[in-house]
Every structure is written in structure tokens, then in C-alpha cells.
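Colleague: Sequence:
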Amino acid sequence: MLTFKEIERITMQAAADTIGARHIVHAVVKPATNAAGEDALGITMVVKPSAHQALLAGKSLDMLVQILEKLGAMEDDRWPIISYATEKDLALDVDSES
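If you're matching positions, the sequence shown starts at 49 in my numbering and goes up one per residue.
Among the hints, erroneous ones may be present.
[Unchecked claim] Below 30 angstroms or equal to it, Euclidean Cα-Cα: the simulated DSS-like pairs (lysine-lysine) are: (1) K96 with K78; (2) K53 with K118; (3) K107 with K53; (4) K107 with K136; (5) K78 with K107; (6) K96 with K118; (7) K136 with K96; (8) K53 with K96; (9) K107 with K96; (10) K136 with K53; (11) K78 with K53; (12) K136 with K78; (13) K118 with K78; (14) K107 with K118.
[Unchecked claim] Cβ pair distances, simulated, as ranges: (15) H100 with M122: 25 to 33 angstroms; (16) L138 with P79: 14 to 22 angstroms; (17) K78 with K136: 27 to 35 angstroms; (18) A121 with Q101: 28 to 36 angstroms; (19) E135 with E86: 25 to 33 angstroms; (20) E123 with H100: 14 to 22 angstroms; (21) Q101 with M122: 17 to 25 angstroms; (22) D110 with T134: 29 to 37 angstroms; (23) Q101 with P79: 27 to 35 angstroms; (24) T51 with Q101: 28 to 36 angstroms.
Read the hints as simulated data drawn from the structure, not as lab findings. By construction, the Cβ of each residue, glycine as well, lies at the ideal position given by its N, Cα and C atoms.
Whenever a hint applies, use it, and build me the whole structure from the sequences.
Modeller: Okay, structure coming up:
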């Protein structure tokens, strides 16, 4: 099983290849569980507002496929559950928890 840091690197490369590095801030990987109760990967892609058009153009699916291919090649069978947020979105989440 890959470490979260290794998965962050894979995710960042896939995002750069598909969405474009100029739209990506960073990725955060945490443990997650899928609907069947199996181990999964909770991935939050922190993107710039400029990523909106690339995501609408279907690039998020391309990124998911690339991540799945790379995880499979490294024999990590955990499914990535990907969400997207801007830094502003994340700051709003923190403020609402206070």
C-alpha cells in the first residue's frame, strides 16, 4: 500500500497532466471508507478558481482515470474519492466550525 505522500504526488501529477498545473494549489489525502465499507482514499484537490472551466470540460474524469491507472500499476486497490475546493472554500469550512 502506498503512503499518503506518494498518493499526493501521483494525484498532483495526474492533476497537472489533465487539469493543468496552473490551476492546482495542492492535494490532501486522508483515509476514507467507500459505500461497501472498504478502505478508500479521501482526496481533496485544492484548486484555483481558474480550474472551473477545466473541471466542467470533463478533465476531472480524465484525472480520476489517470490516478486509478497509476494506483493499479503500484498494486494499491483503494478507490480515490475526490472532492474539489478552493482555498476560500476551505477557509469558509474552518470559519463555520468555529
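Colleague: Run every hint past the structure and note whether it holds.
Modeller: Hints versus structure:
1. K96 with K78: holds (21 angstroms)
2. K53 with K118: holds (14 angstroms)
3. K107 with K53: holds (23 angstroms)
4. K107 with K136: With a Cα-Cα distance of about 22 angstroms, the restraint between K107 and K136 holds, given a limit of 30 angstroms.
5. K78 with K107: At roughly 22 angstroms apart (the allowed maximum being 30 angstroms), K107 and K78 satisfy the hint.
6. K96 with K118: Distance of about 24 angstroms is within 30 angstroms: holds.
7. K136 with K96: holds (9 angstroms)
8. K53 with K96: Cα-Cα ~21 angstroms, so holds.
9. K107 with K96: Within the cut-off at roughly 15 angstroms; holds.
10. K136 with K53: It holds: about 24 angstroms lies between the C-alpha atoms, which stays within 30 angstroms.
11. K78 with K53: At roughly 10 angstroms apart (the allowed maximum being 30 angstroms), K53 and K78 satisfy the hint.
12. K136 with K78: holds (20 angstroms)
13. K118 with K78: This hinted pair holds, its Cα atoms lying about 18 angstroms apart.
14. K107 with K118: holds (17 angstroms)
15. H100 with M122: 25 to 33 angstroms: holds (31 angstroms)
16. L138 with P79: 14 to 22 angstroms: About 19 angstroms separates the Cβ atoms of L138 and P79, which means 14 to 22 angstroms holds.
17. K78 with K136: 27 to 35 angstroms: Since K78 and K136 have Cβ atoms about 20 angstroms apart, the given range 27 to 35 angstroms is violated.
18. A121 with Q101: 28 to 36 angstroms: holds (30 angstroms)
19. E135 with E86: 25 to 33 angstroms: Because 31 angstroms falls inside the window, the suggested range holds.
20. E123 with H100: 14 to 22 angstroms: violated (35 angstroms)
21. Q101 with M122: 17 to 25 angstroms: Violated - the Cβ-Cβ distance for Q101 and M122, about 31 angstroms, lies outside 17 to 25 angstroms.
22. D110 with T134: 29 to 37 angstroms: violated (20 angstroms)
23. Q101 with P79: 27 to 35 angstroms: Hint holds: Cβ distance 31 angstroms, inside 27 to 35 angstroms.
24. T51 with Q101: 28 to 36 angstroms: The hint (28 to 36 angstroms, Cβ to Cβ) holds, given that T51 and Q101 are roughly 33 angstroms apart.
Of the hints listed earlier, those the structure fails to meet are numbers 17, 20, 21, 22, in rising order.
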